[in-house]
Amino acid sequence: MSHAVMLEVLDEVECRRLLAATDVGRVAFVGPDGFPVVLPVNYVVDGDLVALRTSSGEKADYLPLHRVAFEVDSFERRNESGWSVLVQGYGQDVTDAVGERFEDLRRRGVASWAPGQRSHWLTIDIHRISGRRIVAPTGEVTKSNWGGQLS
Amino acid sequence: MAHVGALSGLEELNPGECLYLLAGNTIGRVGFVAHGLPHVLPVNYGVDRDGSIVFRTTSQSVLAGVGGQTVVFEVDGYDEARQLGWSVCVLGTAREITDHDDPTAQRLRELSVVTWAPGPRDRWFAITPDQITGRRLPLQVSPRDFGWLPGVVG
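Quick note, the sequences are listed as chains A and B, same order.
For the first sequence, this note's numbering gives the first residue as 1, with consecutive numbering after it.
For the second sequence, this note's numbering gives the first residue as 1001, with consecutive numbering after it.
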């Protein structure tokens, strides 16, 4: 048991495990005016791809063929610990991509919490993946604790 | 009257709601570009009354290079009771306030920014907001309710 807070650099295997075990992440890209945009999205992992569905709009316009980032994290307020994983790669619009892989992906779907039409399929290739974990002194494993409460 | 998207139910939050949500949380994410690549890194933060965001980091972090850049700061959450998801974004210019003696920098450094990560986080940065936006989404039933496994296809 450790008595000091530690910052652990996560290896690729652990980063991929955490990425696959979470359902909400945040995609970051450079928007129309040249400034960064960060938006929460539902996603799935398929091999070396992070896949998401979106309606036409900023994401569909500015992710494809650009360098983008994708982040997932989880924090535990109780013992001030948590982890984050950052993926960096190129965005691609695979809405009309041919090939078994993309056809399978589109058939399986990404369950979305948000209602509305999501006509575009976007992917981010996992070109780089890195992560950190803040380990609490007690060594307790953190539980999923996404975000805060509205009221 | 809040704008509500006809198809998605997405509702834009007013500035007061955005500030309320920013003030009610302590972890957010800084989105920025370094070495030509977008980055998103979580930070503990404090928020000033005008929506300025204050965070601390170390000289070893890529975050220490954001001074002078336009960055975005994001906070989000999920209100299970009301089946709502929300996110707030602060777009603004980051500046280092570690050694600045102007009254604003001094005031911002007095904000409580308790960092969870170990080691001295002695580089202080502030994001002065140009634009604060927020959105709220009514959520469908949890994907788990219909047997969907998070994250993994198949």
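Simulated from the structure, these hints should not be mistaken for laboratory data.
A couple of the hints might just be wrong.
Looking from chain A toward chain B, a few residues come up when the C-beta cut is under 10 Å (computed) [said to hold, decoys possible]:
{"id": "1", "residue": "A4"}
{"id": "2", "residue": "R77"}
{"id": "3", "residue": "G99"}
On the chain B side, residues computed to face chain A include the following (Cβ under 10 Å) [claimed, not checked]:
{"id": "4", "residue": "P1038"}
{"id": "5", "residue": "N1044"}
{"id": "6", "residue": "G1119"}
The C-beta atom is built at its ideal place from N, Cα and C for all residues, glycine as well.
Hint-by-hint comparison with the structure:
Among the interface hints, the one on A4 of chain A holds; its C-beta lies about 7 Å from the nearest C-beta in chain B, closer than the 10 Å criterion. Interface hint status for R77 of chain A: upheld, as the beta-carbon distance to the closest one in chain B is roughly 8 Å, under 10 Å. Restraint check, G99 of chain A versus chain B: the minimum CB separation of about 15 Å is more than 10 Å; hint violated. A least Cβ separation of about 4 Å between P1038 of chain B and chain A falls short of the 10 Å threshold, and the interface hint therefore holds.
For N1044 of chain B, the interface hint holds, since its Cβ comes within 10 Å of a Cβ in chain A; the closest pair sits about 9 Å apart. Because the smallest distance between the Cβ of G1119 of chain B and any Cβ of chain A comes to about 7 Å, under 10 Å, the interface hint for this residue holds.
When each numbered hint is compared with the structure, a violation occurs for hint 3 only.
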